[in-house]
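Number of protein chains: 2
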Amino acid sequence: MTKKAFIKVTLKEEVLDPQGKAVLSVLKSSGYDNVKDVRVGKYIELEIDRDNFPSIEKLKNEVEEISDKVLSNPLIEEYSIELK
Amino acid sequence: MTKKAFIKVTLKEEVLDPQGKAVLSVLKSSGYDNVKDVRVGKYIELEIDRDNFPSIEKLKNEVEEISDKVLSNPLIEEYSIELK
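Here the protein sequences come in this chain order: A and B. For the first sequence, counting from 1, position 25 maps to 24 in numbering that gives the first Met the number 0; every step adds exactly one. For the second sequence, counting from 1, position 56 maps to 55 in numbering that gives the first Met the number 0; every step adds exactly one.
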């Protein structure tokens, strides 16, 4: 049986986001003047074989490890995990 | 006053995701064998000046238009919007 993990990876608030600024500039020049700021992050979906985990807690621990070591750069990014 | 809109942009299910496959390959070679599939999308946060909208409905309409025209490619991607 599989379980899905959804991970949002975003830049820490104090880190500049040039991609977000680029999108903001496109929006402004397209007339969307009500948009005041844009931040761009990643949204990652993992499909995980849950049969090898004794508990959901253990599975979540592995997703946290993956998010920490592979999916994000903890120096400049933070993440949140949702299991479904 | 501002309102935040959170937009997840993901590839349609039938569209191949080479970036996801690359992450999957890294995970497998790092010993995370329980991960069976990976899909990578975008997570975008907009900060919007709500004072110019007569209703939240109108604001949401504009976020949908922005998602449709600027943030996603409707041919291969889909999006979901959350207002907070």
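No lab work stands behind these hints: they were computed from the structure. Where a beta carbon is used, it is the ideal one built from N, C-alpha and C, also for glycine. Be a bit skeptical, because a hint or two may be false.
Stated by the list, open to error - With the Cβ distance kept under 10 Å, some of the chain A side facing chain B (calculated, not the full set): (1) 4; (2) 8; (3) 26; (4) 40; (5) 42; (6) 50; (7) 61; (8) 67; (9) 74; (10) 75.
Hint by hint, here is what the structure shows:
Interface restraint check: residue 4 of chain A against chain B, minimum CB-CB distance 9 Å, threshold 10 Å, status holds. The criterion of a C-beta within 10 Å of any C-beta in chain B is met by residue 8 of chain A, whose closest approach is roughly 7 Å, and the hint holds. Here the hint on residue 26 of chain A is kept, as its CB sits about 6 Å from the closest CB of chain B, short of 10 Å. Below 10 Å, beta-carbon pairs count as interface contacts, and residue 40 of chain A has one with chain B at about 4 Å; its hint therefore holds.
Evaluation of the residue 42 of chain A hint against chain B yields a held restraint, the C-beta minimum of about 4 Å falling below 10 Å. Checking residue 50 of chain A against chain B by beta carbon gives a least distance of about 8 Å; that is within 10 Å, so the hint holds. Hint status for residue 61 of chain A: holds, given a least beta-carbon distance of 7 Å to chain B, under 10 Å. Hint on residue 67 of chain A is violated. Least Cβ distance to chain B is approximately 12 Å, over the 10 Å limit.
For the restraint placing residue 74 of chain A at the interface with chain B, the shortest Cβ-Cβ distance is roughly 19 Å, beyond the 10 Å limit, so the hint is violated. Interface hint at residue 75 of chain A: violated, since its Cβ lies 15 Å from the closest Cβ of chain B, which is beyond the 10 Å cut-off.
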